[in-house]
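A.B. asks: Listed here are the chains, written in short residue letters.
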Amino acid sequence: ETGVTQTPRHLVMGMTNKKSLKCEQHLGHNAMYWYKQSAKKPLELMFVYSLEERVENNSVPSRFSPECPNSSHLFLHLHTLQPEDSALYLCASSPDGYNEQFFGPGTRLTVL
Amino acid sequence: EDQVTQSPEALRLQEGESSSLNCSYTVSGLRGLFWYRQDPGKGPEFLFTLYSAGEEKEKERLKATLTKKESFLHITAPKPEDSATYLCAVQDPYNTDKLIFGTGTRLQVFP
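Going down the list, the sequences are from chains A and B.
Position one of the first sequence corresponds to residue 682 (my numbering), numbered consecutively onward.
Position one of the second sequence corresponds to residue 34 (my numbering), numbered consecutively onward.
For the record, the hints were derived by calculation from the structure and aren't laboratory data.
The C-beta atom is built at its ideal place from N, Cα and C for all residues, glycine as well.
Errors might be hidden in some of the hints.
[Claimed, not checked] Here are the computed lysine-lysine pairs in the BS3-like style, where the Cα-Cα straight-line distance is at most 27 angstroms:
1. Lys717/A <-> Lys700/A
2. Lys722/A <-> Lys703/A
3. Lys112/B <-> Lys131/B
4. Lys75/B <-> Lys112/B
5. Lys102/B <-> Lys721/A
6. Lys722/A <-> Lys75/B
7. Lys700/A <-> Lys101/B
8. Lys75/B <-> Lys101/B
9. Lys703/A <-> Lys75/B
10. Lys101/B <-> Lys112/B
11. Lys721/A <-> Lys75/B
12. Lys96/B <-> Lys721/A
13. Lys700/A <-> Lys112/B
14. Lys699/A <-> Lys92/B
15. Lys721/A <-> Lys112/B
16. Lys699/A <-> Lys90/B
17. Lys92/B <-> Lys102/B
18. Lys75/B <-> Lys717/A
19. Lys101/B <-> Lys722/A
20. Lys101/B <-> Lys131/B
21. Lys700/A <-> Lys722/A
22. Lys102/B <-> Lys90/B
23. Lys96/B <-> Lys700/A
24. Lys131/B <-> Lys717/A
25. Lys721/A <-> Lys131/B
26. Lys131/B <-> Lys703/A
27. Lys112/B <-> Lys90/B
[What the hints assert, rightly or not] If you want the footprint, here are the derived chain A segments under chain B, 3+ residues with CB under 8 angstroms:
28. 698-704
29. 731-737
30. 776-785
Between the sequences and the hints, there should be enough to build the whole structure, so can you do that?
C.D. replies: If you want it as structure tokens, here you go:
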């Protein structure tokens with residue numbers, strides 16, 4: 682595997698379910714990010730991890746819970762989501778948090 | 034408030050018809066401006082980084098330029114495979130981890 686990978690690519694869940702999104706980067710980068718992309722809106726930064734420490738939480742509801750066990754892996758735990766949380770969730774990584782970010786293919790999430 | 038505005042929202046071109054996409058920004062001290070390409074259902078693909086006014090970068094049929102207020106992505110003799118949404122982003126000057134994105138320009142190139 683190369684670059685940034687995300688699983689699953691598609692997820693349908695009910696409002697009472699608990700699920701997790703997984704991201705893995707194979708680039709040796711030190712910073713990882715979660716973004717939300719909704720139709721007709723700019724990408725919204727959700728969380729930033731640098732060297733496995735959370736450095737940014739962009740006022741995201743607590744029903745989204747990130748986890749970064751090491752510099753290569755990032756998870757987004759989901760519970761009791763709302764239909765308006767349906768979106769494309771993108772993971773990205775960056776060498777050092779100062780330069781360009783490289784994105785994964787995204788997880789298309791649908792909340793019923 | 035720091036902002037990024039892209040225009041046009043959508044652009045339809047005939048194959049070979051050159052054009053430019055615009056990204057205007059208002060940030061207090063630009064650190065870096067980034068261009069990405071995004072295909073439907075996929076993540077953004079990094080194209081260019083520009084840091085200072087007057088800088089230019091090229092890749093195949095694409096050329097990105099930067100002034101103190103805006104950036105242009107010039108597409109020369111486009112092909113149908115250049116069809117995608119092109120996103121522009123700037124670094125938050127107070128938090129370089131954070132990119133401020135525009136809403137993108139959706140480009141369609143017809144044969």
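A.B. asks: If you test the structure against every hint from before, which numbers come out violated?
C.D. replies: Violated hints (numbers, rising): 3, 7, 8, 10, 13, 14, 16, 23 and 28; every other hint is consistent with the structure.
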